[in-house]
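Q: Sequence:
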Amino acid sequence: MFTGIVEEIGTIEELEPARDAGGAVTDARVRVRGPLVVQDARPGDSIAVSGVCLTVTELPGDGTFVADVMPETLRRTALGDLAVGSPVNLERALAVGGRYGGHVVQGHVDGVGLIRARTPGPRWDEVEVEVPAELARYVAEKGSIAVSGVSLTVTHVSDDAFGVSLIPTTLAATTLGTLQPGSRVNLEVDALAKYTERLLTAAGVLR
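Each residue of the sequence shown is one higher than the last, beginning at 61 in this note's numbering.
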């Protein structure tokens with residue numbers, strides 16, 4: 061489990077896609093530079109890469125880690141947009157007894173959103189994100205959402221979008237500081253909303 065509090069901005073060092081006979085990418089092997097998050101990492105540990113929970117498979121010992129990216133991950137996230145040199149948000153899994161500064165983030169991306177608009181403020185930016193129709197019902201004003209692994213508070217909602225405010229720390233310490241309209245972002249809605257809907261539907265309260 062994660063909290064959506066990014067620890068460092070890493071960099072994609074290598075990206076090796078595997079392709080099928082028709083040339084389509086099926087999966088990938090990625091090597092990410094993240095000196096902080098690999099300090100105490102071991103093979104099998106989980107690290108969130110721009111909101112996507114990946115399992116460490118190798119630790120070369122040079123400040124990087126290697127992970128495999130499965131077809132499901134490529135289909136449901138924006139990791140397929142990355143290239144060598146791309147910056148990514150990195151967070152280690154929450155340690156028992158650690159500070160819980162964000163919200164419950166599983167690293168299981170629900171879908172991909174699109175930066176629709178960005179309005180700079182005196183010290184912060186207002187950003188509007190287009191949300192897939194199947195996820196819109198889980199987004200609530202003043203609720204929590206993870207955008208490319210960053211825990212954010214929703215400032216307003218519409219039928220197909222929501223707004224967030226990016227404070228100076230978020231602008232400086234995450235990749236959200238440089239994303240422009242048209243950029244794709246990984247979205248993970250609040251898990252509590254999904255479980256609540258599931259339980260109420262099973263009980264016949266919702267249809």
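In case anyone wonders, no lab produced these hints; they're calculated from the structure. A virtual CB, placed ideally from N, CA and C, is assigned to each residue, including glycine. Possibly wrong hints are sitting among the right ones.
As the list claims (entries may be wrong) - Computed Cβ-Cβ distance ranges for the label pairs, DEER-style:
| id | residue 1 | residue 2 | range |
| --- | --- | --- | --- |
| 1 | 229 | 81 | 42 to 50 Å |
| 2 | 128 | 220 | 30 to 38 Å |
| 3 | 141 | 82 | 38 to 46 Å |
| 4 | 134 | 95 | 35 to 43 Å |
What the hints assert, rightly or not - Heads up, simulated SDA-like pairs for lysine to any residue below, C-alpha to C-alpha not over 25 Å straight-line:
| id | residue 1 | residue 2 |
| --- | --- | --- |
| 5 | 254 | 178 |
| 6 | 254 | 200 |
| 7 | 202 | 166 |
| 8 | 254 | 237 |
| 9 | 202 | 178 |
| 10 | 254 | 240 |
| 11 | 202 | 185 |
| 12 | 254 | 96 |
Q: Against this structure, judge whether each hint is valid.
A: Evaluation of the provided hints:
Between residue 229 and residue 81 the Cβ separation comes to about 47 Å, which falls inside the hinted range of 42 to 50 Å. A hinted range of 30 to 38 Å holds for the C-beta pair residue 128 and residue 220, which are about 34 Å apart. Between residue 141 and residue 82, the C-beta spacing of about 21 Å breaks the proposed range 38 to 46 Å. Between residue 134 and residue 95 the beta carbons are some 26 Å apart, a value that contradicts the proposed interval 35 to 43 Å.
Among the hinted pairs, residue 254 with residue 178 is inconsistent with the structure: their alpha-carbon atoms are about 28 Å apart, more than 25 Å. The suggested pairing of residue 254 with residue 200 holds, with an alpha-carbon distance near 12 Å, which does not exceed 25 Å. As the CA atoms of residue 202 and residue 166 are separated by approximately 20 Å, the hinted pair is consistent with the 25 Å bound. Of the supplied pair hints, the one linking residue 254 and residue 237 is violated, its CA atoms being roughly 29 Å apart against a limit of 25 Å.
Between residue 202 and residue 178 the alpha-carbon distance is near 19 Å, which keeps this suggested pair within the 25 Å criterion. A hinted pair counts as satisfied when its Cα atoms are at most 25 Å apart, and residue 254 with residue 240 does not qualify at roughly 29 Å. Under the criterion of a C-alpha separation no larger than 25 Å, the hint pairing residue 202 with residue 185 is consistent with the structure, at around 17 Å. A C-alpha spacing of about 32 Å is found between residue 254 and residue 96, which places the hinted pair above 25 Å, so the restraint is violated.
Taken one by one, the earlier hints fail for this structure at numbers 3, 4, 5, 8, 10 and 12, listed in ascending order.
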